[in-house]
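Let the sequences and hints guide you as you build the complete structure.
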Amino acid sequence: MTVQEIIVEKLNTLPLEKQQEVLDFVEFLQAQMRKRDLPSENEGQPVSVLTVAEKFIGCVEGPGDLSTNKKYMEGYGY
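Going by the UniProt record's numbering, the first residue of the sequence shown is number 1, and it counts up by one from there.
Quick caveat, the hints were computed from the structure, so don't treat them as lab data.
Some hints could be false.
To be verified - Estimated spans, in silico, between C-beta atoms of each pair:
#1 Leu50 x Gln30: 29 to 37 Å
#2 Gln30 x Ala53: 27 to 35 Å
#3 Glu5 x Gln45: 40 to 48 Å
#4 Glu17 x Ser48: 42 to 50 Å
Think of the CB as a built atom: it goes at the ideal place given N, C-alpha and C, for glycine as much as any other residue.
Structure follows, in structure tokens:
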């Protein structure tokens, strides 16, 4: 009998609640494997905040120069 057949046979003896727990555990193991298998772009190298946030630059509409409303910043040390 293969490992897969043994697992299925034993799984069928469990109540539905426990079968759901087994499924949750299998999905957890799969997520762990995916996380481990994903190569890190700059593994071990320091990365700047700008580099990480680069994909978000320009995704929000607003004034290009935030210094246009200088009165807004009064009282904040500027």
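Now for the hints, and whether the structure bears them out:
no.	hint	in the structure
1	Leu50 x Gln30: 29 to 37 Å	34 Å, holds
2	Gln30 x Ala53: 27 to 35 Å	30 Å, holds
3	Glu5 x Gln45: 40 to 48 Å	46 Å, holds
4	Glu17 x Ser48: 42 to 50 Å	48 Å, holds
Of the numbered hints given earlier, the model fails none.
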